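Novice: Once you have looked at the hints, place chain B on chain A.
Each chain is listed here by its residues.
Number of protein chains: 2
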Amino acid sequence: MAELIGNLLIAQSGGPTSVINASVAGVILEAGRHECIEEIYGGLNGILGILNEDLVDLNDELQKSIEGLKYTPAAALSTCRYKLDFKKKPEKAAKDMDRLFEVFQAHNIRYFFYVGGNDSQDTAHKIHEEAVRRSYDMRVMGVPKTIDNDLPHTDHCPGYGSVVKYNCATVMEVGFDVGSMATDGGSCCIIEVMGRAAGWIAAGTVLAKQGNPANPPHIILLPEIPFQEEAFLKRVTETVAANKYCIVVCGEGVKNANGEEIGADKTSLDAFGHAVLAGAAEKLKEIVQGKLNLKTRTILLGYAQRAAGHFASATDAEEAAACGAAALRGATDGKSGFMPKIVRISSQPYKWNIELQPLVDVANVEHCVPRDWISEDGFLPNEKFIEYAAPLIVGEVKIPTENGLPKYVVLNKNPVEKKLPARV
Amino acid sequence: MAELIGNLLIAQSGGPTSVINASVAGVILEAGRHECIEEIYGGLNGILGILNEDLVDLNDELQKSIEGLKYTPAAALSTCRYKLDFKKKPEKAAKDMDRLFEVFQAHNIRYFFYVGGNDSQDTAHKIHEEAVRRSYDMRVMGVPKTIDNDLPHTDHCPGYGSVVKYNCATVMEVGFDVGSMATDGGSCCIIEVMGRAAGWIAAGTVLAKQGNPANPPHIILLPEIPFQEEAFLKRVTETVAANKYCIVVCGEGVKNANGEEIGADKTSLDAFGHAVLAGAAEKLKEIVQGKLNLKTRTILLGYAQRAAGHFASATDAEEAAACGAAALRGATDGKSGFMPKIVRISSQPYKWNIELQPLVDVANVEHCVPRDWISEDGFLPNEKFIEYAAPLIVGEVKIPTENGLPKYVVLNKNPVEKKLPARV
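For the protein sequence lines, the chains are A and B, in the order given. Quick note: to get the numbering used here, add 15 to the position in the first sequence (first position is 1). Quick note: to get the numbering used here, add 15 to the position in the second sequence (first position is 1).
Pulled out of the complex, with its shape left as it was, chain A reads as follows (with noise of 0.2 Å):
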């Protein structure tokens, strides 16, 4: 295959991790490795940037600055929800599509990287069918990031790990102090954490229990498994009989038996249609509270969570880099319309590798929490899930810190000279 010289083009979309930086810097970081590679740019807020020819120049940022994503959280490009919609909005996107390519050629984009999750796995996937149909030759390459871990194929998703680490040791250290506040009367806690459709994220927190079933967290509500109140209030029970408290972590999407989320507030939409859930906990608050008259107090991680760069997982972070590097070194060697895929060799030893995947396989798939990775009764995770998880939040991600505080890198940006009228 004839080498193929060009600029690169990266950016970022979607919720942002503790490490989606860390694979923008494999990317650039291995970028300059190949010298096929020319321009180096990053597109601003994803393909929204792009549509407005917003690029900035990573070669004229500092190398510190490129090694310091390896530690800073959130998306050093900005991102967005923006998506291509073919199917409800075909001439919009069509319309899009054309913009993106009158960009790509106007600054000679021949690699293509697009770091985010399902949405933008579909997006990156739809880029490389259009430009495999117009002959325009870019190749494209999707490098997979969600808190959410709920893409297919690859083992787990980079920035999965990271949430898990810093909630388990959230869950831990209120463990810590609910269990030392309590008192005869017992107290319950609810920790909601983020985690839509699949319960990859509120499952991970098992590991806080570090193999003591008497540890918190006593119960775990997945969205995978429909909420049962009854059997939910007899556990909150007897956890408070045998330990004088108990903590729960629950899910956003926790779900009743008619698949309603418990805690939706269907009056608000995010950009791609998803209902915007916020009251998981206070809903089941409401319940503890109202049916057993217990202390009941509830933490709410938000965004808090998917940002911990303090408290990373080094693992995650090396995977994260790794994906980068090796979605790099795929379009170099001439593929097109892949992801990085982490594939698991052995867990104990934690041993992985990293193979491509065609996007078509990964774009809009979701993938959950196998049930028999959870309990009979529903209400934990089981060994064959800590086995999975138990690896990806080991080692802790070094950060400088400034006057007390994490010092994160925030890039220069130096804009691209824009080469095409303003998008209309």
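Source of the hints: derived by calculation from the structure; they are not laboratory data. Remember, predicted model here, so these are calculated numbers, not experimental data. There may be inaccurate statements among the hints.
As the list claims (entries may be wrong) - Below, a list of computed lysine to aspartate or glutamate pairs in the EDC-like style, where the Cα atoms sit at most 20 Å apart:
hint: 1; chain 1: B; residue 1: K413; chain 2: A; residue 2: E411
hint: 2; chain 1: B; residue 1: K366; chain 2: B; residue 2: E402
hint: 3; chain 1: A; residue 1: K298; chain 2: B; residue 2: E301
hint: 4; chain 1: A; residue 1: K298; chain 2: B; residue 2: E297
Unchecked claim - Computed from the model, here is a short list of chain A residues facing chain B with C-beta under 7 Å:
hint: 5; residue: A89
hint: 6; residue: K180
hint: 7; residue: E188
hint: 8; residue: V189
hint: 9; residue: F191
hint: 10; residue: D192
hint: 11; residue: T198
hint: 12; residue: I314
hint: 13; residue: L315
hint: 14; residue: A319
hint: 15; residue: G324
hint: 16; residue: F326
hint: 17; residue: Y403
hint: 18; residue: G419
hint: 19; residue: L420
C-beta: ideal position from N, C-alpha, C; glycine also.
Specialist: Positioned in the frame of chain A, the structure of chain B alone reads:
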């Protein structure tokens, strides 16, 4: 003064912090140097456990466990919210006091240390006065502890620096996240932190700005400043216009112009009769979404913030241990009815020492953020506050980890043989 030989009893009370155990370690390790102290006992669940004669032998703990208390959050001896309420329940309080002294005498307790906040210092003060009244020779010392930072006389309270450090890291990281997601539609994130009457915890998050006005938090709402909806919404609008996003930190006890907490759930009271608050951020979200039609998310850190040993302040932990050691030395020097206080010598460079303050000056006095430490418009603490708070979050407590999670100490808690009939 004749040397007082006998046993030591230490207990913890009120809400835990990341460094309340460091104070216990300070007392115990210093006690090991004083021959007048024979046995070292811990009272479980504060005075509630002492009333029940639930004492544990701290000389039976591993030395490394005592050292490990320096980085272990929450109350290793467990705590309580139990008040000797001579005003409302004088007969019960008098009976409790009799029982406490039966326990003290039965176990030859001559040194009593009570680690806690306002209410706990009041309890310590009453026990000291009672010992004097009974001519029971016992040295009673309060040891300051409260994330709320509302004890008078001491420059600040052990526990405060750590909650501020963790909350600042969270605000900074959430700011990176929300900022990197911000597109033209704008967005708002409201982070609710603890602080019932005093806004010290909320105010402390100003340090996350690191001196840059554009950095989050953009607005900090304190219980000390009546909430003005119109001015608040104007500021949110201006902030979003400038930055595309706005991070708001609010103390749980933010009040309207009538002095009513905007997020109060008046139906539930804690053991001290304070209203339970949990809804300020949700209330503000309603206002922002309703009036500005701006995408708004909330974070409720709850207990996580006061238990976050994984990102505790080394300065705070050192001061907490020093307060414990100073209390012990004060007691062996013959003092009773005092609390160690931190005296600031200079802010830059940060220098401090510890002196003793009579408990009578401390008990039940609340210390709020001075008005002239807050900007005229009330939305941000000013330079005076920043100079005060900045040194308190410096340094990271090193914690051992195991399987990727903090490895905190759990005491053996070998019970001391009971010598009294059960409490009736």
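Novice: Please go over all the hints and tell whether each is borne out by the structure.
Specialist: Status of the hints after comparison with the structure:
Taking the CA atoms of B/K413 and A/E411, the gap is about 12 Å. The hint holds against a cut of 20 Å. The suggested pairing of B/K366 with B/E402 holds, with an alpha-carbon distance near 13 Å, which does not exceed 20 Å. Our distance criterion of 20 Å between C-alpha atoms is met by A/K298 and B/E301, whose separation comes to about 17 Å. With a CA separation close to 13 Å, the supplied pair A/K298 and B/E297 stays within the 20 Å bound.
For A/A89, the suggested interface contact is upheld, since its CB lies about 4 Å from the closest CB of chain B, less than 7 Å. For A/K180, the shortest C-beta to C-beta distance to chain B is roughly 6 Å, which falls under 7 Å, so the interface hint holds. Given hint, A/E188 at the interface with chain B, holds; its Cβ is 4 Å from that chain's nearest Cβ, closer than 7 Å. Below 7 Å, beta-carbon pairs count as interface contacts, and A/V189 has one with chain B at about 5 Å; its hint therefore holds.
For the restraint placing A/F191 at the interface with chain B, the shortest Cβ-Cβ distance is roughly 4 Å, inside the 7 Å limit, so the hint holds. Hint status for A/D192: holds, given a least beta-carbon distance of 4 Å to chain B, under 7 Å. Interface hint status for A/T198: upheld, as the beta-carbon distance to the closest one in chain B is roughly 6 Å, under 7 Å. At its closest, the beta carbon of A/I314 sits 4 Å from a beta carbon of chain B; the interface hint therefore holds under the 7 Å criterion.
Proximity of A/L315 to chain B holds as hinted, the smallest CB-CB distance being about 4 Å (cut-off 7 Å). Below 7 Å, beta-carbon pairs count as interface contacts, and A/A319 has one with chain B at about 5 Å; its hint therefore holds. Taking 7 Å as the C-beta cut-off, the interface hint given for A/G324 holds, the closest approach to chain B being about 6 Å. For A/F326, the interface hint holds, since its Cβ comes within 7 Å of a Cβ in chain B; the closest pair sits about 6 Å apart.
For A/Y403, the suggested interface contact is broken, since its CB lies about 14 Å from the closest CB of chain B, more than 7 Å. Hint on A/G419 holds. Least Cβ distance to chain B is approximately 4 Å, under the 7 Å limit. A distance limit of 7 Å between C-beta atoms decides the matter here; for A/L420 the minimum to chain B is near 6 Å, and the interface restraint holds.
The structure fails to meet hint 17 from the earlier list, while all remaining hints are met.
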